[in-house]
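Student: What follows is the residue order along each chain.
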Amino acid sequence: MKSLFLLTLRRALSPVRLLMLGGLALAPFAVTAMMLAVEDGTAMSDFEAFILNAMLAGAIIPLATLATARAGFGDEISDRTLANVTLTPYPRWKIVLPKLLAVTSVPGLAMAATAGLTSYVAYGADLAATWAVTVGAVAAVVLYSSLFVWLDLVTPHAVGIGLAYIVVWEGLFSRFIYGVRFLSLRSHSLAIAHGVDERRFADEEHTALGLSAVLAVVLIVALFFHATRRLRTMDVP
Amino acid sequence: MSSGTSTPVIHAEGLSRWFGSIVAVNDITLDIRPGITGLLGPNGAGKSTLIRMIAGLARVSSGEVTVFGEPVRNNPPLSKRMGVMLEHETVYGFMTGRQFVKLMGELRQVSPLDQAVERAIGNVELREAADRKIRTYSRGMRQRIRLAGTLVHDPEVLLLDEPLNGADPKQRIRFQRLLKRFAAEGRTIVVSSHILEEVERIADTVLLLVNGKLAASGDFRAIRAALNERPYHVLVACDSPRTLAAAVVQLDSVEAVKMDPAGRIVILSRNVRDLQIELPKLAQRHSITLSRVVPLDDSLESVFGYLVDGGER
Numbered sequence: 001m002k003s004l005f006l007l008t009l010r011r012a013l014s015p016v017r018l019l020m021l022g023g024l025a026l027a028p029f030a031v032t033a034m035m036l037a038v039e040d041g042t043a044m045s046d047f048e049a050f051i052l053n054a055m056l057a058g059a060i061i062p063l064a065t066l067a068t069a070r071a072g073f074g075d076e077i078s079d080r081t082l083a084n085v086t087l088t089p090y091p092r093w094k095i096v097l098p099k100l101l102a103v104t105s106v107p108g109l110a111m112a113a114t115a116g117l118t119s120y121v122a123y124g125a126d127l128a129a130t131w132a133v134t135v136g137a138v139a140a141v142v143l144y145s146s147l148f149v150w151l152d153l154v155t156p157h158a159v160g161i162g163l164a165y166i167v168v169w170e171g172l173f174s175r176f177i178y179g180v181r182f183l184s185l186r187s188h189s190l191a192i193a194h195g196v197d198e199r200r201f202a203d204e205e206h207t208a209l210g211l212s213a214v215l216a217v218v219l220i221v222a223l224f225f226h227a228t229r230r231l232r233t234m235d236v237p
Numbered sequence: 238m239s240s241g242t243s244t245p246v247i248h249a250e251g252l253s254r255w256f257g258s259i260v261a262v263n264d265i266t267l268d269i270r271p272g273i274t275g276l277l278g279p280n281g282a283g284k285s286t287l288i289r290m291i292a293g294l295a296r297v298s299s300g301e302v303t304v305f306g307e308p309v310r311n312n313p314p315l316s317k318r319m320g321v322m323l324e325h326e327t328v329y330g331f332m333t334g335r336q337f338v339k340l341m342g343e344l345r346q347v348s349p350l351d352q353a354v355e356r357a358i359g360n361v362e363l364r365e366a367a368d369r370k371i372r373t374y375s376r377g378m379r380q381r382i383r384l385a386g387t388l389v390h391d392p393e394v395l396l397l398d399e400p401l402n403g404a405d406p407k408q409r410i411r412f413q414r415l416l417k418r419f420a421a422e423g424r425t426i427v428v429s430s431h432i433l434e435e436v437e438r439i440a441d442t443v444l445l446l447v448n449g450k451l452a453a454s455g456d457f458r459a460i461r462a463a464l465n466e467r468p469y470h471v472l473v474a475c476d477s478p479r480t481l482a483a484a485v486v487q488l489d490s491v492e493a494v495k496m497d498p499a500g501r502i503v504i505l506s507r508n509v510r511d512l513q514i515e516l517p518k519l520a521q522r523h524s525i526t527l528s529r530v531v532p533l534d535d536s537l538e539s540v541f542g543y544l545v546d547g548g549e550r
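Protein chains in written order, with the working numbering: chain A, 1 to 237; chain B, 238 to 550.
Errors might be hidden in some of the hints.
Computed cross-link-like contacts, BS3-like style, restricted to lysine-lysine with a CA-CA straight-line distance of at most 30 Å [to be verified]:
(1) B/Lys495 to B/Lys518
(2) B/Lys417 to B/Lys495
(3) A/Lys2 to A/Lys94
(4) B/Lys417 to B/Lys450
(5) B/Lys407 to B/Lys417
(6) A/Lys94 to B/Lys317
(7) B/Lys370 to B/Lys317
(8) B/Lys370 to A/Lys94
(9) A/Lys2 to B/Lys370
(10) A/Lys2 to B/Lys450
(11) B/Lys407 to B/Lys450
Read the hints as simulated data drawn from the structure, not as lab findings. None of these values were measured; they are calculated from a predicted model.
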């Protein structure tokens with residue numbers, strides 16, 4: 001399992017991905033710094049709505065995880081090296097788990113850093129708020145990674161479908177159609193952040209913490225289970 | 238269909254695989270026993286699909302395949318006994334050769350690992366380049382390091398899909414020697430190729446695949462004899478075609494001679510090997526300069542076509 005984790009980590013840390021991840025991670029911090037510089041008193045509700053909710057949870061984190069999740073199975077299916085890891089005595093879940101951990105850890109660290117730093121600056125060194133946003137960001141990375149790793153195993157068009165999902169589902173439907181938030185990863189990550197610090201995201205629409213936590217766990221387990229099953233039944237290129 | 242008398246290691250029964258309306262492998266039943274079996278067929282004949290089904294990488298549409306009597310799909314422990322080298326380059330350019338072989342050993346739970354890695358790299362004679370990045374390797378070297386990765390866990394069954402692609406003549410000879418050694422150790426080796434001569438040098442038993450069907454199987458010599466009886470058309474261009482035609486028609490290896498509109502000779506021969514030897518001597522004897530000698534139907538497809546048609550006649 002360690003070998004698979006390191007192999008996937010090596011792929012996830014390719015220079016192109018690191019560049020992309022670095023750019024995405026810097027964006028919220030840069031925009032926040034600009035907002036604070038040009039406006040005398042940026043409202044916290046605006047910061048949470050535009051920077052954390054729309055930008056970080058709705059675009060930056062899903063894009064970063066979509067890019068790194070490809071290192072799990074998508075790249076290996078494309079370059080036909082997947083057979084190297086499936087022609088092994090390991091049960092399939094022992095292949096999925098280290099890969100999922102590796103592709104989660106890379107954007108997880110980057111997004112935790114940018115979420116923590118951005119909110120630390122914006123909330124004026126409020127550690128409870130910073131911690132809540134960071135936990136919410138990491139939860140979002142875990143959820144999105146589970147989804148995109150699974151997606152790579154079920155379709156060869158994972159990037160296109162993933163991008164459509166980010167823009168249409170998370171960007172439009174979940175923000176403007178009531179009820180969709182129950183099926184929105186962005187909404188669950190906000191709920192988790194709100195659960196850690198109730199002052200945060202109080203004005204934003206999201207589900208209750210308990211429900212979000214349960215749904216998130218169910219979703220991660222279901223996607224992991226199906227990814228394992230898919231790896232057993234699919235044609236390995 | 239069987240070859241030899243020992244217990245079959247690989248058994249397939251009514252094996253088929255189709256992709257939509259395309260039938261890649263069609264109702265193949267076979268037994269493969271220890272030794273080297275050549276899987277021969279033109280490109281697109283279904284060799285790779287068959288190998289991938291035997292390896293458990295591809296689903297079967299109907300039929301079944303077993304290795305050591307065990308089903309191959311969803312049977313991870315079986316991979317410890319099998320080494321599979323696919324047609325495509327399944328290496329990581331960012332690793333050194335040694336790192337790649339070591340990774341393959343780790344993934345197959347080899348112990349003691351370092352010893353196995355050294356032995357596998359030694360088997361493919363790549364010790365000197367083992368610490369170089371794979372991206373700097375030539376195609377032949379990449380094939381060899383892949384083979385080392387396939388051998389690192391000392392498998393009892395080897396499935397090798399077009400393993401000699403990109404190999405130079407020297408490497409081919411080494412490879413043939415290596416496979417013969419493994420076969421002598423009692424391993425079961427399946428080598429696919431679309432090159433007749435390549436398989437002839439390595440394999441004792443041949444499975445001929447045409448359009449997804451098993452066209453012939455068994456001892457290579459019997460199949461080769463059938464091929465030798467096949468009439469060949471050979472086109473010859475020279476500076477004195479009429480003189481050469483008159484001389485060539487006297488040869489035992491020649492059945493008929495005709496002239497094409499461009500003034501070239503088309504020879505029909507049932508013994509092309511003898512013709513290859515006799516034709517230059519004849520030209521020399523009559524002071525004729527040969528400018529072109531081209532077999533008109535020597536593609537593997539036509540050879541297989543002949544075998545299939547011959548079987549139906």
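Student: Compare the distance between the alpha carbons of B/Lys407 and B/Lys450 with 30 Å, and conclude whether the hinted pair is satisfied.
Tutor: Distance ~33 Å between B/Lys407 and B/Lys450 Cα, so the pair is violated.
Student: Is it true that the CA of B/Lys417 sits at most 30 Å from the CA of B/Lys495?
Tutor: Since the Cα atoms of B/Lys417 and B/Lys495 sit roughly 45 Å apart, the hinted pair is violated (cutoff 30 Å).
Student: Starting from B/Lys495, check that the Cα of B/Lys518 is at most 30 Å away, please.
Tutor: holds (20 Å)
Student: Next pair to validate is B/Lys417 with B/Lys450; report whether the Cα-Cα distance is within 30 Å.
Tutor: Given pair B/Lys417, B/Lys450 holds - Cα atoms ~27 Å apart, limit 30 Å.
Student: For A/Lys94 and B/Lys317, compute the direct alpha-carbon distance and say whether it is at most 30 Å.
Tutor: Status holds; Cα separation ~16 Å.
Student: Given the hinted pair B/Lys370 and B/Lys317, is their Cα-Cα distance within 30 Å?
Tutor: holds (27 Å)
Student: Does the alpha-carbon distance linking A/Lys2 and A/Lys94 stay inside the 30 Å limit?
Tutor: Answer holds: A/Lys2 to A/Lys94 is near 10 Å, not above 30 Å.
Student: Does B/Lys370 pair with A/Lys94 here, judged by a C-alpha cut-off of 30 Å?
Tutor: holds (28 Å)
Student: Assess, step by step, whether the Cα of B/Lys407 is no farther than 30 Å from the Cα of B/Lys417, and give holds or violated.
Tutor: holds (16 Å)
Student: Verify the proposed pairing of A/Lys2 with B/Lys450, using a straight-line Cα cut of 30 Å.
Tutor: Not OK: A/Lys2 and B/Lys450 at ~43 Å, beyond 30 Å, violated.
Student: Within 30 Å, alpha carbon to alpha carbon, are A/Lys2 and B/Lys370?
Tutor: It holds: about 22 Å lies between the C-alpha atoms, which stays within 30 Å.
When the structure is compared with the earlier hints, violations turn up for hints 2, 10 and 11 and for no others.
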